[in-house]
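With the sequences and hints as input, model every part of the structure.
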Amino acid sequence: MVVAVKKSMPISADPYAMAPGAITLKNKLNITDAIELNQCELVLSAFRRQQGMPSGSFDWDHLKEIHEHLFQDVYEWAGAARVTGLKASDGRQYVAPESIDASMKAVFKELEREDFLLGSSEAEFISKAAYYYNRMNLVHPFRTGNGRTIRTLIEGLAFNNGLTIDWKRIDRAQWQQASINAANGDRSALKACFCSVVLETGMQSRAKADSGLTTGQKNSAAEQMIKLVTRNIKSGKGLGASSMPDATRDIPNKSDDFGMS
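The sequence shown: position 236 = 236 (the numbering used here), numbered continuously.
One thing to keep in mind: the hints can contain errors.
[Said to hold, decoys possible] Label-pair distances were calculated between CB atoms; the ranges are: (1) K227 <-> A80: 22 to 30 angstroms; (2) E223 <-> N160: 23 to 31 angstroms; (3) I180 <-> N219: 34 to 42 angstroms; (4) R92 <-> D171: 16 to 24 angstroms.
The set of hints was computed from the structure by calculation and includes no laboratory data.
Heads up, the beta-carbon is just placed ideally off N, CA and C, and yes, glycines get one too.
Below is the structure:
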């Protein structure tokens, strides 16, 4: 499986880096290779995502809790807003660290005024999902893992509105270009992506994902696999095919089953 290293880069010296000038982030697994770290992060966060989304109030604190849940096995700072400047691959600068808290609270205050999109038609939800995804993505509140965290929160908004999201109906290149276009003021492609992935709940069978297991059984199975994967990584065995989650719910790259940042 080929996994690309994330392209968001710090503006100045990166306090998250393992060493000055390094692109590998400090991590609990003591991995020094950026590509290997990216691959392990994707696998472990996929298992955490299979456990479901932490409950919360769909506010800034809730988003931080989701990030902490997804990346708790990899980063000490999981769930914390970044403390360094960050820019996108096209040179755009994300919101400065000192403005993240106020920016995210403003986004969620607006979402609250819209009653968290409850009662929206499917078309309305799609339009608003694109809008709020873009708003949060422009802030890019975490050092890494922003896309997965925001998409997980939007899945929760969809579920509460009687909808479900199948991210695998689009690919990474589509999503990445749509996100860039939205950041530059044109959300039409991003809305088209959401139009492809947002489904009425009854339209998507959950049988394969559920596999007849209770929530407790699925959580236990995921925990066991996380422990196994983490132990193998720390012992130098790396990831094996048996370590891969059978089904992630994120946007696939053309060459793998895992989604972008």
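Hint-by-hint comparison with the structure:
Hint check: K227 to A80, Cβ distance near 24 angstroms, so the stated range 22 to 30 angstroms holds. One distance hint, 23 to 31 angstroms for the beta-carbon pair E223 and N160, holds here, with the actual separation near 26 angstroms. The hint said 34 to 42 angstroms for the Cβ distance between I180 and N219, and at roughly 36 angstroms that hint holds. A C-beta distance of roughly 22 angstroms is found between R92 and D171, which places it inside the suggested range of 16 to 24 angstroms.
Checked against the numbered hints given earlier, the structure satisfies every one of them.
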